[in-house]
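Protein chains in written order, with this note's numbering: chain B, 218 to 510; chain Z, 218 to 510.
Check the hints yourself; a few may be wrong.
Put simply, identical chains are the same to the list, so a pair is met inside one copy or across any two.
[Unchecked claim] Derived EDC-like pairs: lysine to aspartate or glutamate, alpha-carbon spacing no greater than 20 Å straight-line:
(1) K428 / E264
(2) K428 / D372
(3) K324 / D503
(4) K251 / E495
(5) K328 / D503
(6) K251 / E275
(7) K454 / E245
(8) K324 / D235
Since the hints were derived computationally from the structure, they do not count as laboratory data.
Number of protein chains: 2
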Amino acid sequence: MSATIIDGKAIAANIREDVAQQAAKLAEKGWQPKLVSLSVGDVAAAELYVRNQQRTAESAGVEFEARNYPAETSLEQLTGIIQGLNADPRVNGIIIQRPLPDHIPVKTFQKLVHPLKDVEGMHPASIGNIVYNDLALGPCTAVAAVEILKTLPIDIEGLNVTVIGHSEIVGKPIAFLLMGLGATVTVCHHMTRSVAMHSRAADAVFVAVGKPGLVTGEMLKPGCAVIDIGINRVDGKTVGDADYDSCKDVAGWITPVPGGVGPVTVAMLMSNAVHATEMQMNHYRDAFARTDF
Amino acid sequence: MSATIIDGKAIAANIREDVAQQAAKLAEKGWQPKLVSLSVGDVAAAELYVRNQQRTAESAGVEFEARNYPAETSLEQLTGIIQGLNADPRVNGIIIQRPLPDHIPVKTFQKLVHPLKDVEGMHPASIGNIVYNDLALGPCTAVAAVEILKTLPIDIEGLNVTVIGHSEIVGKPIAFLLMGLGATVTVCHHMTRSVAMHSRAADAVFVAVGKPGLVTGEMLKPGCAVIDIGINRVDGKTVGDADYDSCKDVAGWITPVPGGVGPVTVAMLMSNAVHATEMQMNHYRDAFARTDF
């Protein structure tokens, strides 16, 4: 048996189409969605990613402005810049490109972005809302991975899912999104005694660790779905965390790397941009409506 | 074999002692911790709980003011009251007693409490911080349940834990907290195909559903720890979610109901009160220190 290869690009294209329609509607109302990307210092590492976001934004009808600041920009200066963008009604989403220079504490910096403009879904309030099952702006990668599972002919309610990797912005949010959909979720990580014991019992396996070949075919239940969120460079090639060849012989569905979760993640960023714009539009309207107190 | 009965009252007493010392230190600095409890309408249901909080607060050196507002108080009026308490430096924590009248949406109301005064740990930002493993003010019941596990002679790293119940303020935060401590966590709920399959594999079982007798001895791995968060009234008696008699013959440790998680939860509320006061004190100091920009 050989797994069905999940076409992330096709899923992303569908999402972009919906986003483009919503973006057009918002633009008609005077609320053209706009993202601002901030990178600090040498951006070589992020450049390719930013250009990719830019292209996707254009094809999704979302304005995109990429800003780069010199490495020596202070946290105070960047704080002022973020506060300015938070206050600017023409900017609907703020993306903070990583890596950042050592003198910029990533989390502190991300927390400065107003939750209504947190299109990357990194703010603690955004994460907390997932737990409350009220998905305002979710972390793009986690939401993308779960969206991919939703496209499969599987009933997620009661599904046994094992998530390998418990990072704050990928593994944990995936777990809570899946719980919200009714799955029974087990989260494994580097301290787990036997990952295979948990992965073999799972109808769907999500892996987001950053270790090529971490998940092999012997660790899977035949016919399961494998959603591979890892992105690793091996001998100049990009590969995921799953050993693709052995896994695709056992799994029922598997995401390729590249071409799986990646493109869907960028599409979700645009979906968040539109959602954020809508929330900001309503927020302004409420502000006017509530002159009663 | 018969399980060791976990003495929640003794654990709570230790926490209260620490809290009392910290509260005294804060009082010396002019920051006497103070909680304000808000109840709306008929409080019969909450009254016993409030009186219990009041007693615990006194024994922990925390000031406690219980306010009750008439059932017809509007959301707008209550919003104003919360905003006033948020702004008042003499108030360090706000407790919103449930149940609330139907015209007061609980979540909306809880979100009004400033995260720094959210001693119940209900604000999305508080929940999100748990995901970020940065426990500012955690939901009291969840933190209490995990604190109890910490008192046992068990290494939590790599421990297989099954959490039954995935509510936003108990089950899910417990899962997050345990992941942060290195446990491998599975979360079960009403849509889980076989809870027993997961509970039997667990070294520790947390149950927070609200169904008496949900967990029986046959569902447990011998020697495991059972932390029972359920509170149910059966024939005028208070019981948990675990079938105490059958479980205590199989488990290695078990929390009684009452006298287990309950008292520790109220103690954690006081611990949050002290922690919140500290954060507010530092927040004010930073505000003065940062005249540089």
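Each hint, compared with the structure:
Taking the shortest alpha-carbon separations for K428 and E264, neither the intra-copy value of 23 Å nor the inter-copy value of 54 Å comes in at or below 20 Å. When the C-alpha separation of K428 and D372 is checked against a cutoff of 20 Å, the pair qualifies neither within a copy, at 29 Å, nor between copies, at 26 Å. Taking CA atoms no more than 20 Å apart as the test, K324 paired with D503 passes between copies only; the shortest distance there is 18 Å, against 30 Å inside one copy. Taking the shortest alpha-carbon separations for K251 and E495, only the intra-copy value of 12 Å comes in at or below 20 Å, while the best inter-copy value is 40 Å.
Taking the closest pair of Cα atoms, K328 and D503 come within 20 Å of each other only across two copies (17 Å); inside a single copy the shortest separation is 24 Å, beyond that limit. Proximity of K251 to E275 under the C-alpha cut-off of 20 Å is restricted to the intra-copy arrangement: shortest distance 10 Å within a copy versus 53 Å between copies. Neither within a single protomer nor between protomers do K454 and E245 lie at most 20 Å apart by alpha-carbon distance, with minima of 44 Å and 62 Å respectively. When the C-alpha separation of K324 and D235 is checked against a cutoff of 20 Å, the pair qualifies neither within a copy, at 31 Å, nor between copies, at 30 Å.
Of the numbered hints listed earlier, those contradicted by the structure are 1, 2, 7 and 8.
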